[in-house]
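Chains L and D, in that order, give the protein sequences. First residue of the first sequence? That's 1 in my numbering, and the numbers climb one at a time after it. First residue of the second sequence? That's 1 in my numbering, and the numbers climb one at a time after it.
These are calculated hints, taken from the structure and not from any lab test. These figures come from a predicted structure and were not determined experimentally. A couple of the hints might just be wrong.
Claimed, not checked - Derived Cβ-Cβ restraints for the label pairs, each shown as a range: (1) 281(L) <-> 61(D): 57 to 65 Å; (2) 231(D) <-> 62(L): 17 to 25 Å; (3) 276(L) <-> 83(D): 28 to 36 Å; (4) 109(D) <-> 268(L): 26 to 34 Å.
What the hints assert, rightly or not - Which chain L residues face chain D? A few, computed with CB under 8 Å, are given here: (5) 5; (6) 8; (7) 89; (8) 211; (9) 214; (10) 221; (11) 250; (12) 252; (13) 256; (14) 267; (15) 268; (16) 271; (17) 273.
No residue lacks a Cβ here, since even glycine has one placed at the ideal position from N, Cα and C.
Residue strings, one per chain:
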Amino acid sequence: MMGIDPALLISALMVASVPIILAAIGELVVERAGVLNLGVEGMMIMGAVCGFILSVQSGSAFVGFVGGALGGAALSLLFALLTQVFLANQVASGLALTLFGLGLSSLLGQSFVGIRPPATGVVPFGPLADIPFLGRVLFSHDWVVYMSVVAVAATWWVLKATRTGLILRAVGESHDAAHALGYKVRRIRVLAILFGGAMAGLGGAYISLVRVPQWTDGITAGAGWIALAIVVFASWKPWRVLIGAYLFGGISVLQLNLQAAGARIPVEYLSMSPYLITILVLVIMSSGKGKAALNAPASLGQNFHASR
Amino acid sequence: MKRRTLLATAALGLGLAFGGAASAQGMDKVKACFVYVGPIGDLGWTYQHHQGALALQAEYGDKVEIAYQENVPEGADAERVLTQMALSGCNIIFTTSFGYMDATNSVAAKFPDIKFEHATGYKREHPNVSTYNARFYEGRAIQGHIAGKMTKTDKIGYIGSFPIPEVVMGINSYFLHARKVNPDVELSVVWAFTWFDPAKEADAAKALIDQGVDVIASHTDSTAPLAEAAKTNGAVIGFGQASDMADFKPSPRVSSIIDNWNPYYIKRVGQLLDGTYAQTDSWAGIPEGEVEIGEITDAVPADVKAEAEAMRDAIAAGTYHPFTGPINKQDGTPWLAEGVTAPDGDLLGMNFYVEGIVGDIPK
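Bound conformation, chain L alone (with noise of 0.2 Å):
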């Protein structure tokens, strides 16, 4: 029987993982200010079209990825309107979002069906790319697998090492206390969620411009939904996605590969395995002394009205 090249494995679960881990490290930054925004899912398949639509018309992919962020960030606007000027409620708002975006992007994509966009290259790292094992694993991927580990490395030194970083905890902790200090509460979250909706929007892009490539409707296929649950599951620590998302990418990866390999275990449970095992993992640490629980942001999903 054919065996799994762990190289080779490790190689594609770093690309699978990448929109996943771009968009859950922008919804942590939105958690961390206080913001729950269910609306990942939309803000992904906006980028996903807006990025495919410029890169096409610009014939440049770099361009394409700047413009999935924009479409990303435009579409969390409307939910920062609602939900920071007009006070909606967030878990409404999130999910209208996800509905509006994955209508809207199927009406923008509609004559963008079938066409390629430009190519994505690999970094060129030289002789790098030629040692063994680690060429193949670290210095064979594209610019974009590189920047989602630098955007984890960042966001964990701007939230645990900056005056920036204590502000927006102290936004998502208590929003009230925040205030009386002098921040801007609102304007911070309207930041977050920015942010936020342009990380999910790259995330998106990666899949209409690398990972698959092309425009089809629907086409992020849930990476949304498992991108909020990475969240959780990270206990809004940013390294901790990082390691959600390897894990989950690496487990979905490693079950094609067993197919492929003919490995003689049942197809059934390995496809479901990668959810299976994302809802034990949850489990397990949220009961551990409810710190999972504990380690929420105080005022996540509160909204805040300076009444005072």
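Please arrange chain D on chain L, whose structure you already have, making use of the hints.
For chain D alone, coordinates are given in the frame of chain L:
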């Protein structure tokens, strides 16, 4: 021809017309409705059914009105969509995916005056339910021949959607004809458990490529597996599935199976218009033009291309059946004796691999 082109343009212009329900008895006007499992823009399975719907409109002009719904999930949701269509004045409803089988039959029981046509299924529980299918395995035989000749690694792959007879038949036909020309060939099957999920289809293709497979056939609806193969700069080839997928010519797409539903849709609605409509179970293939083999590109050597075309012509002429004995089942028990061709009943209920394929069919 010119008239047809003109009408086709007119039909496109009309798009989705509303209202104008025809009376059930008169039939000077028929409203034909279509239920699609994916988006028309999949450029595969659903796209081809929609081409059939447009051809119908072009053929009969304003005597036919078409309506359709995309992305209808298989299962309970389908029943709601079907009921809604039945209530909105459809005279004939084409349900174009295997998973609509039970929904089609249960809604048909409630609307005896409306004709239901279910694609690729086998249940006709009521007099107003007909089934239609195409002999895709005939096209798979030709793909298998090309795959067996073209593979350099002796590893070929197949992305399966769901383990239903339709797909198992395709896998067996593909493998048998690859083995016939290349005794060393091994087949890897990956089940995606979806008809349409481009990211997952791409991942499945990537997993196969990582395993050393260099010819991929897919039984899912999008072009994603071909897009994945295209990233290998010609090292991996594949086939257009359901639609020609000509965007990927000349490689990785070296040939294709094209589902041409146009003749069937035109015939059935024509029968409804002139009153000769009756319940049927239709299963046409290459001879009737319902399964077409897309152009074999220059990426395939001339002799292989000639052999593949000869096989196509033999199937069209009725002189060759892709399942001709001796063929054993996977466990070695004989299925077809020397020279015997497979009866349709065996094919429609096919739930076993033929000898030589490794792995089990999921239950």
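**Asked** With 8 Å as the cut and Cβ atoms as the points, is residue 252(L) at the interface with chain D?
**Response** holds, 7 Å
**Asked** If you check the beta carbons of residue 231(D) and residue 62(L), does the distance land in 17 to 25 Å?
**Response** holds, 18 Å
**Item:** Closest C-beta approach of residue 268(L) to chain D relative to 8 Å, hint status
**Value:** Hint holds; residue 268(L) Cβ to chain D Cβ min 5 Å, cut 8 Å.
**Prompt:** Is the hint on residue 256(L) kept, meaning its closest Cβ partner in chain D is under 8 Å away?
**Reply:** The hint holds - residue 256(L) has a Cβ within 8 Å of chain D, the shortest such distance being about 4 Å.
**Message:** Tell me if the interface restraint on residue 267(L) is satisfied: Cβ within less than 8 Å of some Cβ in chain D.
**Reply:** holds, 4 Å
**Request:** Starting from the hint 26 to 34 Å, judge whether the C-beta atoms of residue 109(D) and residue 268(L) obey it.
**Result:** Given about 31 Å between the Cβ atoms, the range holds.
**Message:** For the restraint on residue 5(L), tell me whether the closest CB of chain D is nearer than 8 Å.
**Reply:** holds, 7 Å
**Prompt:** Minimum Cβ distance from residue 214(L) to chain D below 8 Å?
**Reply:** With a closest approach of 6 Å, the residue 214(L) hint holds.
**Item:** Interface hint compliance - residue 221(L) to chain D, C-beta minimum distance less than 8 Å
**Value:** holds, 5 Å
**Message:** Quick check on the hint: residue 250(L) CB to chain D CB, less than 8 Å?
**Reply:** Since the shortest Cβ distance to chain D is 12 Å, the answer is violated.
**Message:** Restraint: residue 89(L) near chain D, CB-CB cut 8 Å. Satisfied or not?
**Reply:** Violated. Min distance 27 Å.
**Request:** Using 8 Å as the Cβ threshold, decide whether residue 273(L) counts as touching chain D.
**Result:** Result: violated, 12 Å to nearest chain D Cβ.
In this structure, the earlier hints numbered 7, 11 and 17 are contradicted, and the remaining ones agree with it.
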